[in-house]
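Colleague: Respectively, the protein sequence lines represent chains C and A.
Read in order, the letters of the first sequence correspond to residues 1 to 291 in the numbering used here.
Read in order, the letters of the second sequence correspond to residues 1 to 332 in the numbering used here.
To be clear, the hints were calculated from the coordinates, so they are not data collected in a lab.
Simulated coverage check for chain A against chain C, where a stretch passes if three residues somewhere in it have a Cβ under 8 Å from a Cβ of chain C: (1) 92-98; (2) 167-173; (3) 176-183; (4) 244-253.
Where is the CB? At the ideal position from N, CA and C, for every residue including glycine.
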Amino acid sequence: MKLSLGPLQYFWPRQQTLDFYRDVAAWPLDIVYLGETVCSKRRELRLQDWLMLADELAEAGKQVVLSTLALIEAESELGALRRQVQQGRYLIEANDLSAVQLCRENGVAFVAGPSLNIYNHRALAMLMQDGLMRWTAGVEQGRQLIGELRDAMRAQGEPMPELEVIGWGRLPLSFSARCFTARALDLPKDQCGFRCIEHPDGLPLATREGRSFLRINGIQIQGEEITDLGPELPELRALGVDVLRIYPQAQDGRAIVEHFDLARRCVEPPPRRGARNGYWHGGPGMGVEAP
Amino acid sequence: MQLVCPAGNLPALRVAIDAGADAVYAGFRDQTNARAFPGLNFDADELRQGIAYAHARGKQVYLALNTYPDSARLEYWEGAVDHAAELGVDAIIAAEMGVLDYACRRHPRMARHLSVQGSATTAAALKYAYERFGIARAVLPRVLSVQQVERLCQSSPVPLEVFAFGSLCIMVEGRCQLSSYVTGMSPNRHGVCSPARFVQWDEHPDASRTVRLNGVLIDRFAEHEAAGYPTVCKGRFEVGGEIFHALEEPTSLNTLELLPRLARAGVVALKIEGRQRGAAYVKAVAGTWRRAIDRYQADPARWVLDDEWQQALSAHAEGQQTTLGPYHRAWH
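Bound conformation, chain C alone (with noise of 0.2 Å):
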């Protein structure tokens, strides 16, 4: 089994950024994806920022994929998308069907990230048509699921592209036109100040008896258990998951990774070191049995 580290989904400054992907590229990752998928005013880092750090990871010996927003609003969203796509030496995680499109347009073969909705053996399939090489199943979609789109996938005769799966990590669970985190610092979205880079896991939010539950990343709302799915690597395997996804986060990034590659490489599954996903068995993702 494969590990990626999947997109930086909250926003760090720039030095932070260019030295935690440097770390990586020693790492014992075989992908790494790479770009802004949550907000367009992140800027930090541009594109030829990323694309400079994409070349020393794939000097590294990583596969790298460029990732790209969930959603697009602007324009000149859709142009920063197209740049991306065009820039033609990495593959593109499309999180949106406007990536699909560009990608189809450009002959570019692209990876379905988690917010792309894939359901079912035939939206996967005409995807594949699109040039889908990979996908990256949302977070709703757990054992089960996958389990019956792969059968039906192989009762119609149609080949599974490689199939990855979110192993470790806050989930993201939606996404707005609205800024929660200016919301929350009451500030105006076109005047956000870029704060959320004062939140490099994200800003936390608890239920009104202190219950700790989601977490406000800009536009993004985000579990706040870490899920782990270490403990159901067995399972992983026996559903044919070729790649098992680790979320970024500001602290342990290291250690996460070595836990999970000892862990590939054992045959007894690790004991669990962050919370149940519940989706993955069918119930509440927050992990809790279903009344």
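Starting from the known structure of chain C, arrange chain A on it as the hints suggest.
Modeller: Below, chain A without anything else, positioned relative to chain C:
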């Protein structure tokens, strides 16, 4: 510009047509649509009667088949598409690629509208749906500003429908898993958001009330404080030491003042949200929008916003509040 109104059941459908809807949208009584609520929606016989009622008056019926079937259930959704074609609906409103592809191949003459659940916000995404599934129209997610809607009307390969009034999804439709994170049930897969069977209201000795969704405290209300339905996005939470509506207040979208701009932009249809609301809501809201559209079309240059219209709409808004929502930049 068409007025497209919600029909949660046959009485609401009749009321909507009588109040001036050019088209109504409805759903089957199952998980094939995004308002799969108990006691709502149509069986085949009711829908047949509804279509006859609308067609006899020169109006249209659209059928929402806008959830995302997994592989095991795709055949059921395909059956619903066949059913829609047999019944003679004027269009289906769908989001999922397998469903759209099936409808396009099997029933090419039945119009396909891309649902708001399809999350298409750019000309490129719309072009994909147009080239792949031959959509005749797309409903835009409630995320774009009015300027962005205007530009998209220029670049879109298909005519556009936008939301005009009703409950406001704060998240990009089709891209929100807050409900399933808490309950396991989502708008995409199950056609429900924060379903009622997970909601628990408790009254306390101090006359306050709390509301939980699958055990998670969504809000607490003082005595006499207005309390809305506990979707996750409209709860009050604590962020940075303050308790507030961290995602969105309970409020409704109302774009009536933008009517001339949307008309000039070339928007072909205005959609009223609210299949879960009763016939009284549909009658008042559809009637108000009908009057506003008619007056605009009679004399666009002299159209002004009428306070009575706004009052009528506010009376039916969630929390009696309305907002221009994403159409207005300051909301973002």
